[in-house]
Amino acid sequence: MSLTSLAPRLSNSGPRPSLLTRRRRRVGMVLVVPALVLVGLLILYPICQAVYYSFTNWDGLTTNWVGPSAWSQAFHNPTMWQALRNNAELLLSVPFALAIPLAAAVMLHQRVAGWRLFRSIYFLPTAISWVVIGLVAEHFFAYNGTMNSLLSDIGFSNIHTNMLGQENQALIALGITFIFSMIGTNTMLFLTGLATLDPSLEEAARIDGAGGWRIFRHITLPHLSRFLQLAFVMTVISAFSALFSLIFVMTNGGPGYATTTMEFLVYQTGFNQSQFGTAALYGIILFVITAVVGIVQLRLIGDRDS
Amino acid sequence: MADIVFDRVVKTYPGGNTAVQELSLQVADGELMVLVGPSGCGKTTALRMIAGLEEISDGTISIGGRVVNNVLPKDRDIAMVFQNYALYPQMTVAQNMGFALKIRNVPKDEIRRRVEEAAKILRLTEYLDRRPKALSGGQRQRVAMGRAIVREPQAFLMDEPLSNLDAQLRVEMRSEISRIQRLLGVATIYVTHDQTEAMTMGDRVAVMRAGVLQQVATPQELYDAPANAFVAGFIGSPPMNILNATLQEEGGVLRAYFGDQSVVVPDSYRASHRLNNLADRSVLLGVRPEDLVVATEGTAGSFGATVTLREALGSEILAHISFGGDDAIVAETGPSAHSKRVVARCGAKASITVHERVHFTLNPDNLHFFDATSGASLRTGA
Amino acid sequence: MSTLTVSAPKTKRLGRAAIFAAMVALAIVMLYPFAIMVIISFKTNAQYLIGHGVSTQTWQEINANIPVWQELWNSTVVCTLSIFIILVVGIMAGFSFAKLQFRGGNVVFLAIVSAMMVPLQAILIPEFVNIAKTGLTNNYLGAVVVYAALGTPFSIFLFTTYFRRIPDELVEAGIVDGLGYFGVLWRLALPMALPAIATVTVLQFIQIWDDLLVGLLFLQNNNERTITVGLAALAAGHTTSIPLLMAGSLVSAAPAMLVYLVFQRFLVRGLTMGIDR
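Protein sequences, first through last, are from chains A, B and C. Note that the working numbering has the first sequence beginning at 1469, numbered continuously upward. Note that the working numbering has the second sequence beginning at 19, numbered continuously upward. Note that the working numbering has the third sequence beginning at 11, numbered continuously upward.
To be clear, the hints were calculated from the coordinates, so they are not data collected in a lab. There could be a bad hint or two in this list.
To be verified - Label pairs and their calculated CB-CB ranges:
1. Val-1764/A <-> Gly-63/C: 51 to 57 Å
2. Glu-239/B <-> Ile-1675/A: 56 to 62 Å
3. Ile-49/C <-> Tyr-1520/A: 49 to 55 Å
As the structure is a computational prediction, the values presented were derived from the model and not from experiment. Just so it is clear, CB atoms sit at the ideal spot from N, CA and C, and this is done for glycine as well.
One chain only, chain A, in its complex shape (with noise of 0.2 Å):
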C-alpha cells in the first residue's frame, strides 16, 4: 500500500494518521470542492427541485401542490405516450447505428490506401452542430428538396417524397439523420477498439487456417464487445436526448406530434406552453429512463475493468 492508496483509519485502531497523510486528505477534500459545488448546485440539486416541481402544476405565475395526481394526469396524458412511442421507434434505428460505423470501422481497420483520410472524413460530421446537420436534413428531405430531385435524376421522378410532411414517414427521415449523426462517433470508438486488439490473435488464428469471418466471428467481435455496449449505451442515451436540435429544425416536433420525443416534449411543454410542472415531469421521466440505461449497462462494463 502507498501513500496514495491507505484506506481510511478505524477510528479506534492504534495511533493518529501521520502529518503526510493529514495533509494528503485535507489537500484531496479541498480540491474535490469547486466540482462538487458546480456539479452539486447546478445538476443534483435541480434533479430534486424538478422531482418537486413535477407534483406541481406551476405555469410560471402560480404554483400549486397537485401532488401523485400530477404523475397519473401525466400518464393518462396520450400526448407523452406519443412521445414515448416516438422515442421507442427511433429506437429502431439504433441496429444501423452502430452496424454501419462497425463495417466502417473494420474497413478502416484493414488500412486500405489513404485511409487516415477516410477517417479524418467519417468524423467530421461530428464537429458540426446538430442544428447544421438537422437543416441539411430538412432541405434534403423537403418537398422541392434535395433527395427528390436526386431521385429524378436517377430516373425515379415518379417517386417524389415529402417525408416531413406525412406523419409516418416523418419518424424514417429523422431516424435516417440520426444514423448519420451517429456515424463518426461509433466509427472512431470501433476503431479504437480494433486498435486495441492484439494482432498476434489474428495471425494465429489465420496460421490455423481461419478465414475472414471466422476471424471476425470469434476473435474481433468478441473484444468489441466492450466497445459495441459503450457505443449501445451512447447512442440510446443520445436518442433519449440529443435529438432535440434535430427536431427543433426539421420538423418542431411535426407534423402535429409524430416527431415529438421526449426530450423536445419537455422543451415544448414548458417553454412554449408555460407548463413548467409537467415539463418537469417529463424530465424526469427522462431522465429515469436514461440512467436505467446507463446503469444497466455500465453495470456489464464495469464488472470487467477496476
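The hints should help you fit chains B and C onto chain A, whose structure is shown.
Then chains B and C, alone, in the frame of chain A:
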C-alpha cells in the same frame, strides 16, 4: 551522527495484515546496510517508513538521533532512489537532479555546482540536457542516484534500484553504487531481493522474512553462521542443502543419518552445538554445495548418490544428486523444497554423468545443524 | 495493424478494391451535407428557387442578414469561459480522485460521475428558474455556468483516468524532494496532463459550440446569441432564404471543424482512455 535506528517498529495495515513486526535495527553513520528477503518480507515497507512514505503503526524511527515519526518526508533530510527511478519526464537530467534544491531556494550557482559534481561522479555530464525518455535504463538509474546525491542528505534510501536492469549492467552498477557510497560516506539502506547484491554490497546485511528480522550480520557471518535454516538457505547460490537427519549415538560416536546414508559427526560439534536432548533426535542438517566433495568409492565416510542433473558452468559443475530414493530427505522448509534436490559443487574436470553413481564425502568442518521444528541454529551462543 | 492474408493474391486485391469502393461510397455520403451547403450557399435565393446559377451575393451580404460576427464572438466567449472552468475544476478534482485518497472520496467520485447520466432536459426547467432568479440570464454567465456544470463530470472522469496513469512513485519522489501535494499537482501532474487537456478542450469545444438548447434558453438576448442558436432562430423563421441558411450553417460549422482537424490525434487517445485496460 547521522545513523538510523529502528526501535521496535511495527507496521500493520487496516485489514489486519502485519507487514513489519517489532523491527529493531541500527544502521551506523556511513554504513551500507542491505535489507534482503523474499517478496512480501517487509523490507520495502521498512524502507518506506524511514522515508515517511508509509505510516508507522508502532515504535519509533530515529535519524541522526532525532525521532522522525511525525516529521514530513521532506524534513527528514533523506534522499530516495526508487525502483522505477521516478524521474520527472518533463525535465532535463540537470533539472531533475536540481529540482529538490530549487524548491528549497538554494542559490542557482550552488545548485549548478552540486549537479555538475554529481554528474561527474556518475559520468552523466554529457547527458545533462537530455530528457529521461532519451536515456537508457542504466543512464536513468544513474540520474535517479544523482538526484539523491545532490541533496547531500543524512541518509540514502534505495529501493531495489538495480532490479530493472539487465544482468550485465547490474553487475557493473553494483560496484558503482558501492564505490559512490564509500566515497560519500553517507548511511545507506539498500533494499533488494537478490542475495548476491546483498552479499557483495552490504557492510552488514539484514535478512527479513514475513515481517520478522531473521538476522543482522556481515555477509561472511551470515554465510558461515546463519541463525536459522531460512537464512542458511537464502544466502548462497546455489542454496545450502538442508536435509532431514536423525542423530544417533553408537559407542561414543555420533552419527547423522539422512536418507539411506549416514555420516560421522566429529566430536567438536558437541561442544559448539546443542546436540543432546533432542526430541527423537531428529535435526536439520545443512551442507553447502561446496562441502559435498567428490570422492572415490570406498573412501572413509563416503556415500554414493545418483546424478539427476548436471549443470556445467565452465568454472565448475553443479551436480544435482539423489540418494536412497527417499524423497523426504530434503527438508520441507528449505529453499529447495520444491525441487527436492541436493546440489553439489564439483570441479570443472570432475567426472559427472547423468544417471551414473558418484561418491561424495561431507566436509566435516562445515556442517550446520538446525532445530527440526523451529529451524533455529543449534550453535551454542547463536 | 493490417491483417495478414495467406489467401490468393488476386482475391486479396479484389477484396481490398471492394473495400476501397465501399469506403469511397460512405465518404461521399458523409461529405454530402458539406457539398450541399457549399453549392447552395453560392446561389442567390432566386437562383436557388430556379435550380441553377452561381453567385457570391449571399456570402457578400451575409453580415447584413445575420449578425455573424457578433454571434461568432459570443460563441467564442462562451466556449472559452466554459472550457476554462471545466479544465480548472476537472484537473483539480481529477488529480484528487486519482492520487489523493480521502474519506468518502469514492462516494463523491461516484456522485459526480453519475451526474453524467443526467440528461439536460431533466434539469432544464429548475435550472432555468434558478438562473433566472439570480439574474444571470442577461449575460454570458448563466450559460457559461450551465455549460461548465454539464461538461465537468466527463472532464473529471477523463482527468481521473489520465492521472491514475501517473506512477505513484513519481508523486512520492516529489514529496521526498520537498513538494506539497498542491506542488505536485501544479509542477508535476499539470505539465504531464497536456494531452488530456487537449482532448477535453476539443470535445467540450465541439459540444458547447454546437449546442442549441442551453443557448436557446440562457442566451435569449440577441446580443449574446451564439452562432448555433442564431442559425436555429433563422431556420425557425420561415421567410429565410435557403442559401442564407446554408451560408450561415457553414459559418457556424467551420470553427468546430477546424478545431477538430487540428486536434485529431488527441481525440483518438482521449476517447479510449476510459476504456483501455
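message: Flag every earlier hint the structure violates by its number, smallest first.
response: Violated hints: none at all, because every hint is consistent with the structure.
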